[in-house]
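*Asks:* The two chains are supplied separately, each in an independent frame; assemble them into the complex guided by the hints.
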Amino acid sequence: MKIGYYPGCSLQGSGRAYSESLFAVAEKCGIELEEIKDWNCCGASAAHSLNHDLSVALPARTLALAEKQFLDQILVPCAACFGRLANAQQELTTDATLQKRVSDYIEMPVAGSSRILTVLEFLQEHIFPVADQYLVNKLNHKTACYYGCLLARPKDLTRLERPEDPMEMETVMEKAGATPIDWAFKTECCGAGLSVSRTDIVAKLSAKIVEDAVSRGAESIVVACPMCQMNLDLRRKEINQQLEVKSDIPVMFITQALGLSMGIEADKLGLNRHFVSTGKVVSCVGRKEV
Amino acid sequence: MEKKHATTGNESLRILVEKAVGVEVQTCYQCGKCTAGCPLNEEMDLMPNQILRMLQAEYPGYETEILSSTSIWLCLACDTCYSRCPQEVKLPHIMDFLRQESIRRKLVNPKAKNILKFHKAFLAEVKRNGKLNELGLTIDYKLHSLHLFQDMQNAPSMLFKGKLGLIPHHVQNPTEMKKLFKKING
Numbered sequence: 001m002k003i004g005y006y007p008g009c010s011l012q013g014s015g016r017a018y019s020e021s022l023f024a025v026a027e028k029c030g031i032e033l034e035e036i037k038d039w040n041c042c043g044a045s046a047a048h049s050l051n052h053d054l055s056v057a058l059p060a061r062t063l064a065l066a067e068k069q070f071l072d073q074i075l076v077p078c079a080a081c082f083g084r085l086a087n088a089q090q091e092l093t094t095d096a097t098l099q100k101r102v103s104d105y106i107e108m109p110v111a112g113s114s115r116i117l118t119v120l121e122f123l124q125e126h127i128f129p130v131a132d133q134y135l136v137n138k139l140n141h142k143t144a145c146y147y148g149c150l151l152a153r154p155k156d157l158t159r160l161e162r163p164e165d166p167m168e169m170e171t172v173m174e175k176a177g178a179t180p181i182d183w184a185f186k187t188e189c190c191g192a193g194l195s196v197s198r199t200d201i202v203a204k205l206s207a208k209i210v211e212d213a214v215s216r217g218a219e220s221i222v223v224a225c226p227m228c229q230m231n232l233d234l235r236r237k238e239i240n241q242q243l244e245v246k247s248d249i250p251v252m253f254i255t256q257a258l259g260l261s262m263g264i265e266a267d268k269l270g271l272n273r274h275f276v277s278t279g280k281v282v283s284c285v286g287r288k289e290v
Numbered sequence: 001m002e003k004k005h006a007t008t009g010n011e012s013l014r015i016l017v018e019k020a021v022g023v024e025v026q027t028c029y030q031c032g033k034c035t036a037g038c039p040l041n042e043e044m045d046l047m048p049n050q051i052l053r054m055l056q057a058e059y060p061g062y063e064t065e066i067l068s069s070t071s072i073w074l075c076l077a078c079d080t081c082y083s084r085c086p087q088e089v090k091l092p093h094i095m096d097f098l099r100q101e102s103i104r105r106k107l108v109n110p111k112a113k114n115i116l117k118f119h120k121a122f123l124a125e126v127k128r129n130g131k132l133n134e135l136g137l138t139i140d141y142k143l144h145s146l147h148l149f150q151d152m153q154n155a156p157s158m159l160f161k162g163k164l165g166l167i168p169h170h171v172q173n174p175t176e177m178k179k180l181f182k183k184i185n186g
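These protein sequences, in sequence, are chains A and B. Taking the working numbering, the leading residue of the first sequence gets 1, the next gets one more, and so forth. Taking the working numbering, the leading residue of the second sequence gets 1, the next gets one more, and so forth.
Just chain B, with the same shape it has in the complex (with noise of 0.2 Å):
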């Protein structure tokens, strides 16, 4: 699923973040408090105040070298960064848009592939029934993944705990949100 944008093809990430997301990246001032504070600095290949500086500086190859890096899936999406970021630059937005462009452009790190399916899992769930329901999403994303007998030893528990529902839910009329995801991506 990809976002719609009014490019024009030859903009530059940096122009179609802006666009997107409504910041102005030259804001940032570099301070580094938003890659201090992230809970996920150590696994990323690139860090968020780095992101900034090359979306800033946009040296030859920078579209690419963000957009095939991890880190913009890792992104938890905490909003520590933009709770501290002295220049309020929304760098969870950003991440957001580059996920999305990231994969529009086909360039999805493969070791971030997992991610992206369970991402898929859980809408193509939503999409189904209009309601989540964790057994089809693990099921659907063990099937996409292979990671087939991963959390099989939660299982049993957590049915006698009363935690997983094999009725699965659904909003009234399945197929108003079947029409929904088909207008949105048009």
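The following block holds chain A by itself, in its conformation from the complex (with noise of 0.2 Å):
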């Protein structure tokens, strides 16, 4: 079966280890990923900020061009454009009148009724029921998982049960042979879009979960969203300002850590386009047991 995939500006760059390691997990398991032609950006925070048509339109011009190729399922990985594509579904298929503005500014009609895909939804729906045979290492290690904001919040967009303690992560790394710890900053904010403009408001939140996670033991911290991805590991010397105890805990897609498991080697997860070296982690994987 075919699904759609929305790969975001940050897969293209910044984020490209997430796409990598999405790819090959999926590759393994015989899942094929189309990815919609000719999509154009979300408008992240900068959009909704400062105009609420254009962040309803950007994603809208994506949605329309992933119906016009008949994709009943998107998979968006990256959890601040899943926000956006999903919130704008939700506005388009409850106001008519926006629905009809929007169709006009991006000149197509627009439906809003493919499924969009978090990366954890995908995970279970897709990758586990036929994973078991290719997870063949374990990862040995304990891992603190960390949902950051998008994936939890809002509860009606991201369809999590539990929004202010979520396991979905925890039972993927459970499965990839890892031992989850239970922390308390797993769905904190690590300052997202202010990463740039006021990088001493990132620096003191990504610390703040940095320094939860190794107090309690973990020596890896698995995320599924490359802004977290990115305040965590490329802000590291500005977190480390901030900490008493410096700390040098890598930060993986769990997409990565997925693949470690299935036996991919690490240069083809993108685990050396980490500022803060994973290889620690790579070294306690080990063979399971039969």
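Do not take every clue at face value.
Unchecked claim - With a straight-line cut-off of 16 Å between C-alpha atoms, the simulated EDC-like cross-links for lysine to aspartate or glutamate are: (1) K142/A x E170/A; (2) K178/B x D53/A; (3) K182/B x D104/A.
No lab work stands behind these hints: they were computed from the structure.
*Replies:* Okay, structure coming up:
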């Protein structure tokens, strides 16, 4: 079965490792991802901060193109893009006047009918049913599953049963042979879009996240959002300036972790692309006993 | 860029908010959960529940006070407040509207100017290419904010790790994006 795929801008740039590892895992499991042709940027925080109609029209153009391509399901791995696409879909399907106006802007009909999947839903519904035979390795370390904001909230879009204390990522990491820890900051905000304009705020918020994960014994942080990954990894120098005890805890994408447990080489999963070395985590990986 | 609303010119900010976002501010009973859970409450000049209280009370001068606050620009739209609100007040959507109104009335707090410049540089890049190129965005923001050397130390290693694309991505027909932006801005 073909599943539609919206990479979003980050996955072509700073979040490349996310798309590399996602494709490696999907390929291993025989799942084909079909990119939405000629997709555009979701507008991110900038559009919804400055212009409401634009914040719906930008994702709507992509949704309309997906409908043209007859894609019933679209995987949006970036949690931030997911938030924008799902929000646009919700607004389009509940406000007929807005739908008409947006359709005029983009010069295409848009129904908002495709199902938009988070990476967690994609893993649960499409990878897990076939994954067992490929899970040959164990990650053998303690990990902190970090959801951040937009994978968890708002719950009418993310469809999580427990938005304050979700467990979906933990299920994935247990399958990968890691030991998820119990911690307090899994759905706290990393500072997101203020990364460049207010790096000081991002450093403060991200430092609290890193500190809590480390103090509870985590040896890696696993994420499902390129913004969270960038803030926790690329901003480590600024984060460490806030911390009494400096930390070199690596920050992996969930698809990289799953890829390691499938025996896919670290380079193919983009694990060499992070600022904080993922070497320690890779060296913990061991064969699963049969 | 501004959102257009059917304003009669004498509608209060409270009424504009209620029309644009579809919430009744009186439903808030000031439990304070929004402020308690806000990751940026320490940085804010007006607390989230305080903004709602001001919209409820509408005392003289409240509009300018809200629209020139830094809080409306610091809000990260993390949705913690909305998720915990017993009355389901869509505070992040209210914040979006207040930012747009603050630009329209030229009341943006000077301390928030760089946040606004970043958003503008971001949208300029999307208007140009339909996709965001992180390099283009960074250069554009640096020129406008004059933070020319910020993050320069990261550039070489980002390039080396293949995280910084030099060739810009764009939609097939970039004029389509320019047209879309033009229509929305009127």
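*Asks:* Hint by hint, note whether the structure agrees.
*Replies:* Do the hints match the structure? See the list:
Between K142/A and E170/A the alpha-carbon distance is near 11 Å, which keeps this suggested pair within the 16 Å criterion. At roughly 15 Å between alpha-carbon atoms, K178/B and D53/A fall within 16 Å of each other, so this suggested pair holds. With a CA separation close to 12 Å, the supplied pair K182/B and D104/A stays within the 16 Å bound.
Violation of the numbered hints given earlier is absent; every hint is satisfied by the structure.
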